[in-house]
Every structure is written in structure tokens, then in C-alpha cells.
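**Student:** Residue-level listing of the chains:
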Amino acid sequence: MKLQDRRAWLNGVVGYVSAAGSVDELFRSAYHHYNIDYPKFFKMDNLCKLAFLSAEILLRGTDTLQKYPSEEVAIILENASASLEYDQKHWESIRDRNKYFPSPSVFVYTIPNIMVAEIAIRHKVKGENAVFILKQFDPGFIYHYVSELFRNQQVSCCLTGWVECYGDHYQSFLFIVEQEDEIKRFKALQEYVIFSTLNMEKLFKGRSI
Amino acid sequence: MEDLILKLKKEIIDQLQMEGIAPEDLDAEAPLFGEGGVGLDSIDVLELVVLLDRNYGMKIRAPKEEGPKIFYSIKTIAEYILDQQKK
Chain A
1 MKLQDRRAWL NGVVGYVSAA GSVDELFRSA YHHYNIDYPK FFKMDNLCKL
51 AFLSAEILLR GTDTLQKYPS EEVAIILENA SASLEYDQKH WESIRDRNKY
101 FPSPSVFVYT IPNIMVAEIA IRHKVKGENA VFILKQFDPG FIYHYVSELF
151 RNQQVSCCLT GWVECYGDHY QSFLFIVEQE DEIKRFKALQ EYVIFSTLNM
201 EKLFKGRSI
Chain B
210 MEDLILKLKK EIIDQLQMEG IAPEDLDAEA PLFGEGGVGL DSIDVLELVV
260 LLDRNYGMKI RAPKEEGPKI FYSIKTIAEY ILDQQKK
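Line by line, the protein sequences are chains A and B. With the working numbering, letter number 145 in the first sequence gets 145, and the count goes up by one each step, no holes. With the working numbering, letter number 20 in the second sequence gets 229, and the count goes up by one each step, no holes.
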């Protein structure tokens with residue numbers, strides 16, 4: 001699943017195109033387009049809105065996460081700007097001691113891991129979770145980290161990828177990794193993509209596998 | 210009192226980013242927290258504390274003791290503001 005350039009792709013197919021002029025408008029219109037009913041969405045910062053929307057689009061109509069015990073589902077994300085936009089917003093509210101009105105609802109979003117929490121609450125995920133701050137999308141890092149989680153049998157399924165949002169720039173690339181079994185191996189060529197650094201890189205760049 | 214309640218409703222909708230909610234949708238006497246009411250959460254109550262401080266210059270000195278009574282409903286917030294303004 002990808003969301004960038006006013007478009008949302010699911011499995012390589014464009015499912016949503018927006019004419020919204022701003023990031024705020026885009027996220028709001030996508031929320032309504034997908035008929036999401038979750039009022040808390042409007043209280044989130046844009047990073048969380050992007051992560052939340054991306055997970056909604058990816059998981060809509062599937063029971064992938066529900067197939068596993070919630071403790072065995074992990075969420076591992078990467079981004080570059082962490083929560084910088086709300087860090088700055090919070091700083092603006094406290095820099096002047098004479099106008100010192102920090103907002104609790106801004107402060108809670110001054111940590112990028114909150115986007116994982118928003119997804120976990122919505123989809124009842126209780127497994128391993130982490131957000132890594134990197135200069136750019138690093139499929140090699142995801143490959144090694146998620147593979148290690150699977151090797152240690154800590155998780156059976158992982159929602160992972162890249163969720164970056166700062167100012168007018170936004171970009172998400174989310175996907176699910178599952179343990180291979182006989183059925184998946186049989187269907188792999190038709191319905192699944194082999195989890196590899198190269199495949200992640202190709203999908204991220206919009207190339208075919 | 211009615212004017213203040215309407216003003217509070219607008220401020221709360223704005224402060225808590227209650228998308229798609231109009232002042233007339235909010236029952237002034239309905240509980241703000243818990244099921245069956247407006248459905249605010251613990252972060253929202255902190256926002257209401259900030260709202261009272263910033264917009265009305267009122268600081269809640271003992272949130273644990275006073276909070277549940279003051280923030281029970283929009284009407285109780287309005288009553289608190291009017292009571293404090295008399296002092």
C-alpha cells in the first residue's frame with residue numbers, strides 16, 4: 001500500500017486520487033472517501049493521520065491480522081522526520097514564558113511511536129513495535145529487523161514499512177509480512193510477494209516485481 | 210448563562226477538534242466523559258484545563274478534587290466560570 005502524490009495505491013492499483021490543495025485537506029478527504037468512522041482521527045497530527053489512513057487502506061476487507069494472536073502481530077515502521085512538525089508546534093507554545101500554554105493534545109504527538117500506538121489501538125495489535133528514524137527508506141534494515149523477529153518466534157505477522165510526513169511532504173509505504181507456509185508457498189507467484197530487500201525496493205519505487 | 214454555554218460549546222469544539230460536530234449537537238447537561246455522554250478522554254480534560262486558563266484566566270488548583278465536579282458537563286463548567294467571576 002502506498003500513499004503519496006495525492007494518490008493511494010493498493011497492490012499496485014490506484015484506489016484513490018485527490019484534488020486536495022493541502023495535506024490537511026487530502027487526509028480529510030481520504031478519510032471520507034474510505035468511509036472511515038473514527039472521530040479520534042481528527043485529533044491526530046498529520047504523521048499519525050497518514051499512518052492511520054495507510055493502515056486502514058491496507059487492512060480494509062482483509063482478516064490478515066485477525067488470523068494471529070494479537071500478541072504475535074508486530075508493527076515496525078521507519079521514517080525520517082520523526083515527529084518534528086509537532087515538536088516545533090509544541091516548542092512554539094512554550095518558548096514565551098508570558099504566553100506559556102502548552103497543549104496536552106499537541107504534546108502527546110511529540111514522539112513518532114504514537115503512530116504505531118494509533119494503529120495498534122485501532123486494530124487491536126499487542127505485539128512488538130518500534131519506529132526507527134533513518135535518512136531514507138531502508139529496505140535492508142526492515143528485512144533484517146523483521147526477519148530477526150520471525151526467527152526468534154516473537155511474531156507471526158508484521159505490519160511494516162515507511163511513514164514520513166513533514167510539512168507538505170508525505171509518503172507512506174506499508175505492507176504485511178507473514179510467515180511462509182505450504183499454502184503461501186504454493187500461491188506465492190500469484191498472490192504473495194517474497195519478502196526481500198530487492199522486492200521492497202522495487203515496490204517502493206513503483207517498479208514491477 | 211445561555212450565552213456562556215454557547216460560547217463554551219464553540220470553544221470546546223474548536224479546542225478538541227471535534228470534526229462534524231455543531232454547538233447544537235452538544236447537550237450542555239450531558240456528562241463529558243464516559244459512555245453515554247460526549248465521550249471525551251483524559252487528554253481532552255487537560256485541554257479543557259488549558260482552555261479555562263487561557264480563555265478565562267482560571268487555574269484549577271486541585272484538579273483531582275475539583276476536576277470531576279467542574280468538568281462533569283458543559284453546564285457545570287459554565288457555572289464554575291460564573292462563580293469564579295463573582296469572586
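What the hints contain is simulated information worked out from the structure, not anything from laboratory work. We put the beta carbon where it would ideally sit given N, CA and C, even for glycine. Any given hint might turn out to be false.
As the list claims (entries may be wrong) - Computed spacing ranges between beta-carbons, pair by pair:
no. : chain 1 : residue 1 : chain 2 : residue 2 : range
1   : A       : E180      : B       : F242      : 32 to 38 Å
2   : B       : A239      : A       : A130      : 53 to 59 Å
3   : B       : Q226      : A       : R7        : 44 to 50 Å
Unchecked claim - With a Cα cut of at most 16 Å, we get these calculated EDC-like pairs of lysine to aspartate or glutamate:
no. : chain 1 : residue 1 : chain 2 : residue 2
4   : A       : K40       : B       : E228
5   : A       : K40       : B       : E238
6   : A       : K40       : B       : D250
7   : B       : K284      : B       : E228
8   : A       : K124      : A       : D87
9   : B       : K216      : B       : E238
**Student:** Compare the structure with each hint and give your call.
**Tutor:** For each hint, the structure was consulted:
1. E180/A to F242/B: 32 to 38 Å: Since E180/A and F242/B have Cβ atoms about 47 Å apart, the given range 32 to 38 Å is violated.
2. A239/B to A130/A: 53 to 59 Å: Roughly 40 Å apart at Cβ, these two residues miss the hinted range, so it is violated.
3. Q226/B to R7/A: 44 to 50 Å: Between Q226/B and R7/A, where Cβ atoms are some 26 Å apart, the hint is violated.
4. K40/A to E228/B: holds (9 Å)
5. K40/A to E238/B: Not OK: K40/A and E238/B at ~22 Å, beyond 16 Å, violated.
6. K40/A to D250/B: The hint holds at about 10 Å.
7. K284/B to E228/B: Given that 16 Å is the threshold and the Cα spacing comes to 21 Å, the pair is violated.
8. K124/A to D87/A: Not OK: K124/A and D87/A at ~27 Å, beyond 16 Å, violated.
9. K216/B to E238/B: holds (15 Å)
Violated hints, listed in ascending order, are 1, 2, 3, 5, 7 and 8; each of the other numbered hints is respected by the structure.
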